[in-house]
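Enquirer: Protein sequence lines, in the order shown, are assigned to chains A and B. Numbering follows the numbering used here, with no gaps: position 147 of the first sequence is 248. Numbering follows the numbering used here, with no gaps: position 171 of the second sequence is 186.
Treat the hints as calculated values from the structure; they're not laboratory data. Keep in mind that this is a model prediction, so the values were computed, not measured. There may be inaccurate statements among the hints.
What the hints assert, rightly or not - Straight-line distance between alpha carbons at most 30 Å, and here's what the computed DSBU-like set of lysine-lysine pairs gives:
no.: 1; chain 1: B; residue 1: K41; chain 2: B; residue 2: K21
no.: 2; chain 1: B; residue 1: K102; chain 2: B; residue 2: K90
no.: 3; chain 1: B; residue 1: K102; chain 2: B; residue 2: K41
no.: 4; chain 1: A; residue 1: K758; chain 2: A; residue 2: K778
no.: 5; chain 1: A; residue 1: K454; chain 2: B; residue 2: K41
no.: 6; chain 1: B; residue 1: K41; chain 2: A; residue 2: K632
no.: 7; chain 1: A; residue 1: K632; chain 2: B; residue 2: K139
no.: 8; chain 1: A; residue 1: K626; chain 2: B; residue 2: K102
no.: 9; chain 1: B; residue 1: K102; chain 2: A; residue 2: K625
no.: 10; chain 1: B; residue 1: K102; chain 2: A; residue 2: K424
no.: 11; chain 1: A; residue 1: K352; chain 2: A; residue 2: K497
no.: 12; chain 1: A; residue 1: K720; chain 2: A; residue 2: K626
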Amino acid sequence: MDTLVANESEQPDDSHAKPNVSNAQLETFSYDDSIVRLFSIATIAWALVATVVGVIVALLLVMPTLGTGLPWLSFGRLRPLHTNAAIFAFAGNAIFAAVYYSTQRLCKARMWSDTLSQIHFWGWQLIIVLAAITLPLGYSQGREYAELEWPIDILIAIIWLFVFGGNFMMTLIKRRERHMYVALWFYIATIVTVAVLHVFNNLVIPAGLLKGYSVYAGVQDAFMQWWYGHNAVAFFLTTPFLGLMYYFLPKAAERPVFSYRLSIIHFWSLVFIYIWAGPHHLHYTALPEWASTLGMLFSVMLWMPSWGGMINGLLTLRGAWHKVAADPVLKFFVVGVTFYGMATFEGPMLSIKSVNALSHYTDWTIAHVHAGALGWNGFMAFGMLYWLLPRIFQAKVWSEKLVSLHFWIGTIGILLYIIPIYAAGLMQGLMWRAMDETGNLSYPDFIETVQSIVPLWWLRVIGGLFYVAGIVMLVINALMTWMGRPATYDVPVYTAPRLTPEYQDDPASTTSPLDDVPVLDLAKKLDTFGKMGWHRRWERLPVMFTVLTTLAVVIATLFELIPTFLIRSNVPTIATVEPYTPLELAGRHLYVSEGCYNCHSQMIRPIVSETKRYGEYSKPGEFIYDRPFQWGSRRIGPDLAREGGRQSSYWHWEHFKNPEDMSPGSVMPSYEHLLEKDLNFDEIAPHVRAAAYLGAQYSDEDLNDTSAVAYRQAERIAAEIVSQGGPPLTFEKQAVALIAYLQRVGIDLFRTPEPAAEPAAAEPAVEAGASDSQTPAPDQDQSE
Amino acid sequence: MSETPKTEHVYDGIEEYDNPLPGWWKWLFIVSIIFCPFYWMFYHGGASGRSVEDIYNVALAENTRLQFAEIGELKLDEPTILRFMAKPSWLKVGESVFRSNCVSCHGRAGEGKVGPNLTDDEYKNVTHLADIASVINNGAGNGAMPKWSNRLVVNEIVLVAAYVATLRGTHAEGGRPPEGRAIAPWPDPIAEPELPPEDPPKNQLTESP
């Protein structure tokens with residue numbers, strides 16, 4: 102610990118003594134590369150799993166009957182598995198491999214604790230396996246990239262922050278290199294911010310071992326989720342990969358990094374600005390408009406800070422382009438960084454509200470994230486792995502040709518994926534908003550817009566297969582290289598002096614060439630400031646650097662978060678909006694479990710083509726009991742925000758049985774298992790108690806006799822189904838709960854606030870047919 | 016390149032140049048920052064008519080005018096429906112409403128799925144022409160037919176009712192068997208020549224809703 106004290110209490114002005122190497126104690130050490138080997142192997146294995154699941158979900162869209170009879174093989178459940186595997190398993194392990202390899206070398210120190218490294222590795226793999234089991238079984242929080250339930254979330258927090266973060270921080274403190282290189286800054290930002298995001302987005306009230314209810318509701322839940330979701334992209338898929346780039350790209354190119362000053366400016370601006378940009382995922386939604394504008398403006402400002410990384414990467418290759426032509430590792434890096442540049446231009450563009458009005462809910466977003474994930478994250482990871490393979494396995498790469506082939510087939514795969522999906526996004530977006538000269542929708546039938554992009558979805562499957570083929574080559578090459586490893590790995594021993602407490606600043610950074618020139622003192626000070634000597638000092642102080650990074654992230658967050666939670670006018674109350682009944686709550690739980698939000702939005706934006714198609718636009722006050730919010734981000738199927746009462750209950754029953762029968766051309770899979778499985782009425786109570794604990798008003802009967810209350814509503818719906826021509830005896834089936842929920846979605850807004858004498862108010866579908874049948878009054882909202 | 020000053024930093028063999036920030040990068044960054052307060056002031060500076068809601072309301076009013084200024088506010092009665100059954104261009108509007116909202120139960124040609132066949136001569140809840148409109152408006156069959164009064168405006172209900180009425184007797188293929196009872200044919204259409212499409216003068220539109 103004395104090194105820590107020494108580092109942190111260092112005061113450059115105190116001493117004029119030169120650092121004296123001969124006085125310093127020389128220490129010998131070696132690097133732990135076995136942990137790098139483990140993480141590299143895991144990266145390769147999970148790359149294959151994540152992309153194969155990707156191909157499966159892509160196939161499920163073009164062949165919806167593929168998974169019939171296998172509930173765990175449905176798009177809604179597997180899509181979260183695909184995204185989680187790609188982000189947390191593939192990209193996650195790649196980050197850890199990069200961090201463990203580079204940090205030790207940049208610090209001239211072995212990882213602080215080999216035991217913690219091992220716990221990190223096995224703990225993380227356990228988390229991934231738990232995810233791979235729970236997600237297909239339908240255990241989900243229903244929020245994108247944060248689907249894992251609370252026990253797994255706790256495990257993630259412990260492994261990430263205390264095991265990984267603690268080990269990393271202690272290594273920094275015990276380092277033998279005086280200054281921290283830019284890669285380490287990015288790792289620090291990653292560890293700190295992901296921990297903050299993860300913890301605050303996953304605060305839930307448990308309702309059983311594998312179900313939690315978000316402490317946030319509706320608009321606020323949406324805000325928190327996309328603060329998290331956007332910054333998961335920023336601090337899990339961007340900053341650590343920039344750190345990776347800053348180490349492995351100049352190592353592979355053997356060229357100096359283009360600009361130290363650019364590193365500083367783009368690091369701090371990136372960290373500070375990124376955290377604000379989340380609300381751009383919620384343009385035109387019920388999120389308050391000021392938050393949406395803030396999200397857009399910070400996204401626009403983010404453009405150059407993001408490009409700073411690209412410039413520093415690409416310009417580092419100046420004078421080394423002949424190497425790029427020959428070295429597939431550099432080829433991977435160049436294409437990776439280029440995709441980063443494309444994606445970070447497109448991001449700000451998509452955040453512009455008028456562009457977003459077209460792109461949101463379409464495949465455009467899907468193409469955008471795959472340009473980033475396959476191009477930037479994938480190719481940077483592959484470049485790193487091919488550079489690492491001969492070093493960690495201490496054998497020549499088995500086949501250089503295969504590396505080149507992987508590069509080319511991977512590149513073609515990305516293009517074959519993204520180009521058709523960009524086209525699909527644009528096309529469907531334009532079809533949704535197209536109006537003819539009479540002011541009516543040109544494509545009123547939603548399925549028509551889906552069918553027109555199905556051929557493009559097929560092309561995506563082919564592109565995906567190309568990309569997977571590349572990964573198979575990586576698997577083979579890594580396996581064969583590993584087979585050629587030596588009997589025992591050579592572990593070189595290094596020596597370096599331990600850091601001395603006193604350190605003299607480089608005089609060049611505190612003096613200015615203007616010192617002898619007759620200019621204003623201010624000019625001299627500015628010139629000195631521009632040399633970034635002040636930052637050089639921070640680079641010696643890992644704890645202070647971490648604190649400053651944390652402050653940058655937390656302060657920016659609080660600026661946006663506090664008003665969102667405190668300003669009451671953000672969510673105007675609607676008197677007629679009431680809590681879900683116990684049965685509806687059970688149905689909503691099924692909606693979340695089945696992952697319906699992966700294909701259906703519940704958020705109608707105030708855009709004419711949209712309100713004509715789906716009905717009155719969504720209001721903030723409608724969502725105060727929605728935990729989690731289910732606004733969705735992609736409309737593979739139509740919006741469901743006004744689904745209540747739009748179809749008969751019997752229609753829903755038949756539609757779940759086989760959507761194709763009701764809507765020819767539908768790509769929705771059959772949910773026949775919901776018609777067959779019984780609902781466990783006794784398990785509804787914890788859900789109601791959690792909702793009540795979080796502020797929803799329930800009667801004593803709802804709380805104490807939950808199953809009976811739910812049973813009565815199920816019987817009413819079952820009777821309704823029979824009277825509408827459907828089968829008898831449906832009241833115990835899960836589908837009835839889901840139908841109860843769907844019949845409730847979006848109808849409270851139109852309920853007339855009647856004197857509370859009528860107990861039938863909680864019975865929307867029946868009421869819809871019976872009440873005010875004499876007054877064919879036009880709806881006040883649509884006829885304005 | 017050889018003139019570029021290097022910093023003295025070396026980390027595991029990685030060196031760093033001391034290049035300044037690229038000018039275009041710096042200036043684009045500054046411009047993107049300066050842009051923000053102006054954008055904010057424009058949309059959130061208190062000027063009216065610039066919020067998403069205001070813009071939507073204007074667009075909605077414009078759309079309503081475009082659709083219905085020519086016909087005004089219709090009544091849900093038999094003569095009105097009958098009148099529009101004879102106007103092909105307005106029936107197309109009705110068809111558009113039908114395709115947005117009705118096909119999932121009644122089928123794309125009106126042949127019937129879980130909802131009854133609309134292309135035969137038998138009806139469950141309709142005796143007179145105006146009954147179509149009231150079934151649409153209020154629903155029927157204990158919610159089997161949802162009520163549409165808070166989803167569609169009256170004009171849309173009239174036009175979709177007129178469209179549905181014209182489906183009668185088309186006997187679409189593969190339809191549901193007849194349900195209910197056969198009813199008397201619709202009254203004779205009201206002969207009223209459709210106006211040429213050049214009529215809606217723009218200035219007349221400005222005073223509606």
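Enquirer: Please go over all the hints and tell whether each is borne out by the structure.
Expert: Here is what the structure says about each hint:
1. K41(B) - K21(B): 21 Å, holds
2. K102(B) - K90(B): At roughly 16 Å apart (the allowed maximum being 30 Å), K90(B) and K102(B) satisfy the hint.
3. K102(B) - K41(B): Judged against 30 Å, a Cα distance of about 63 Å means the pair is violated.
4. K758(A) - K778(A): Cα-Cα ~13 Å, so holds.
5. K454(A) - K41(B): Cα-Cα ~25 Å, so holds.
6. K41(B) - K632(A): Within the cut-off at roughly 16 Å; holds.
7. K632(A) - K139(B): 85 Å, violated
8. K626(A) - K102(B): 81 Å, violated
9. K102(B) - K625(A): 82 Å, violated
10. K102(B) - K424(A): 73 Å, violated
11. K352(A) - K497(A): With a Cα-Cα distance of about 18 Å, the restraint between K352(A) and K497(A) holds, given a limit of 30 Å.
12. K720(A) - K626(A): With a Cα-Cα distance of about 53 Å, the restraint between K720(A) and K626(A) is violated, given a limit of 30 Å.
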